[in-house]
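Sequence lines, in order, name chains X and Z.
In this text, residue positions in the first sequence follow numbering that gives the first Met the number 0: the first is 0, and each later residue adds one.
In this text, residue positions in the second sequence follow numbering that gives the first Met the number 0: the first is 0, and each later residue adds one.
Among the hints, a few may not be true.
[Said to hold, decoys possible] Estimated spans, in silico, between C-beta atoms of each pair:
1) Leu50/X - Leu66/Z: 51 to 59 Å
2) Pro86/X - Asp323/Z: 36 to 44 Å
3) Gly67/X - Thr78/Z: 54 to 62 Å
4) Gly254/Z - Ser356/X: 46 to 54 Å
5) Leu266/X - Ala140/Z: 34 to 42 Å
6) Lys99/X - Ala296/Z: 52 to 60 Å
7) Arg326/X - Ala140/Z: 31 to 39 Å
8) Lys99/X - Asp323/Z: 35 to 43 Å
9) Ala296/Z - Val352/X: 41 to 49 Å
10) Thr78/Z - Glu173/X: 45 to 53 Å
11) Gly254/Z - Arg326/X: 35 to 43 Å
12) Lys133/Z - Gln254/X: 35 to 43 Å
Hint data in this document are derived by calculation from the structure and do not stem from the laboratory.
Think of the CB as a built atom: it goes at the ideal place given N, C-alpha and C, for glycine as much as any other residue.
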Amino acid sequence: MSLTLENVSKRVGGETHIDGISLDCAPGSFNVLLGVTLAGKTTLMRIMAGLDRPSEGRVLVNGRDVTGVSVQKRDVAMVYQQFINYPSMSVYDNIASPLKMARFAKSEIDRRVRAEAERMHIDHLLDRLPDELSGGQQQRVAMARALAREAELVLLDEPLVNLDYKLREEFRAEMTEIFAERDSTVVYATTEPVEALTLGGHTAVLHEGRLIQHGSTAEVYHRPASVVISQVFGDPPMNLAEAQIEGGRLHFGRQTSVALPEHLAHLAAGSYRIGVRPVHVFLDRQSGDDVELDGEVEVGEVSGSETYIHLRHDDLMWVVQEEGVHRFDVEQHIRVYVDPRFIFAFDMDGGLVAAPSRVRVPGAA
Amino acid sequence: MARIEYKGVAHSYLSDRHGAQDYALEHIDLTLEDGGAYALLGPSGSGKTTLLNITSGLLTPTQGQVLLDGRDVTGLPATERNIAQVFQFPVVYDTMTVYDNLAFPLRNRGVAKSEVHERVTEVADMLELTDVLKQRASGLAADAKQKISLGRGLVRSDVAAILLDEPLTVIDPHLKWMLRRKLKQTHQRFRLTLIYVTHDQSEALTFADEVLVMRDGGILQVGSPRELFEHPAHAFVGHFIGSPGMNLLPCESSGDGVRLAGQDLPLDPAYAERARGTGGRLELGIRPEFVRYRRSAEPGCVPADITTVEDLGNYRILSARVGDQVVKAKLGEEEQAETGPGWLLFPREWTRLYADGRVVD
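Required output: the full structure, derived from the provided sequences and hints.
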């Protein structure tokens, strides 16, 4: 099914929670709603589900207006942050319950419950009660129940947020496969950039109740339309600095300057904000054109396979993300390198004016 | 601040105990040095919270002793241990100002007004709360409230240790960075003994000098982030640390190396011999960061079927089948890879063998 929101707003009391959102989700598509807490993700999902009515605007399913139609009359399944299961029912009965309500034949219920349980890797737990399961297993049950009905629209509201990170990693990897095999249109809300990137599909970025960018996930990541999106969709967020273009050169910080790289060459002289992802600031020189930044280490952090160095350069904090484990002392002076090919430029209103041309290697998958 | 020692500490929540399986925590012998930043890392049910509660005094262990600076505190309740705790969810008094919230733990203990002012100002400065000191806590966002919670833990200069139980769970990713930096700077400035409990490897590793990896009530490895990444002592540590975790591939000892999915992979002969000597079930462990992709055969390569190459923004994850096993490799943004037949190289210096889960040295 296709899901369309037309200029949907939601006001509660005097407060605007959702502000004029229009969005198209194609049949069978996977859509990530990315945004910080309170961006409006849950409110929007409740409107999509028919749990709440928008104050303005229309919700269309397959082109048909369903704005006033209640959730019971829509073909929609929802998975929440909390693991919601019937505590007194076995895993089998939990998964079967919506099918029983929908009056499926017993044999069909059995077939679907077993197939769904197998897909979610809980087929060995069918006789257990939810209480006897780990958090990850409980969420698998909740998800199996939501999916067993094969609803046309599946809404998942930060379903992994209460799970251990290792379980999240497993789930994420499976999720793409689980939905690839179905016809359902899926909307998945998250605050985590890495989740959006792993799940792929399309990403809609929500901020303060507004939809600020919608496109293929890779496109949104590589061409964030605004400074706000560059901060929401990046972990750690993109480094930002005020800059001037003058005489064919880009100037930033107190006295850093570099010849304009090709992808910025068309920009007129004036003030800009530039952005560089932490992964594009290097401890070693990358090319002859590199900008050198000298600074003081504020803190060095090691996360599994990577090191993050927080560096104070002039009055700005830069985060450097480097592969491998490196040790730095606080207040140590170091020099890092920015390859100008990787600089994003935003105008003073925060709109993207130039993004690095993605290095596409011929023959790459 | 204090040195914390655990001597033969074990705990069971059951009154009727039969064996190791009935213990939530199994025989911990461990010393945490004064001024160290430690993380307790493990999945749910690994015993982290049990150990934390034994440290704070909320729980008396079934066996063993807890010593603070050499003094046995095993039987002392939480109130007499002088240990500060920061929880998952902010604990603040909404009707009080931020200043009064921070001052509360000090005033409660009758600390002189001038010292209260000095400490509150210092901690507020550290956590960037100076501008909101006069505001009521109720109007503040979740991250500001959690900063107040942290501040209340940090404000006392007389505490033996500060325990942090998943303090960043409720914080959005882009703010976690800032709070983590603040916490780390605070630690470096005040040299507090900090114990940070989390299931999130990146939080544990970014924060701690030493990480204690726990599973099933036991400590599997204590090490620096680098040691845990480069030299996991246990297959579980290899899997749990790193995203994706270490590739762990069942193999058999064969000639000067191992046999993996029908392929002979030569290793250092002495190393392979030691692995054979253990007589244990063998797994080859290598991190995705160290597996290299090759388009054509090279000495030491194994043939593989490249099934997917996932684009994760600034890096890519290649998944391949070697026989019936799945191997993952992390590729740089500009590295090429095609699905279909290819080759994988396991550099020897990063290839480890595990016998019954334990690393072969």
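Checked hints:
no. : hint                            : in the structure
1   : Leu50/X - Leu66/Z: 51 to 59 Å   : 55 Å, holds
2   : Pro86/X - Asp323/Z: 36 to 44 Å  : 39 Å, holds
3   : Gly67/X - Thr78/Z: 54 to 62 Å   : 58 Å, holds
4   : Gly254/Z - Ser356/X: 46 to 54 Å : 50 Å, holds
5   : Leu266/X - Ala140/Z: 34 to 42 Å : 36 Å, holds
6   : Lys99/X - Ala296/Z: 52 to 60 Å  : 57 Å, holds
7   : Arg326/X - Ala140/Z: 31 to 39 Å : 34 Å, holds
8   : Lys99/X - Asp323/Z: 35 to 43 Å  : 39 Å, holds
9   : Ala296/Z - Val352/X: 41 to 49 Å : 47 Å, holds
10  : Thr78/Z - Glu173/X: 45 to 53 Å  : 46 Å, holds
11  : Gly254/Z - Arg326/X: 35 to 43 Å : 39 Å, holds
12  : Lys133/Z - Gln254/X: 35 to 43 Å : 39 Å, holds
Checked against the numbered hints listed earlier, the structure breaks none of them; every hint is satisfied.
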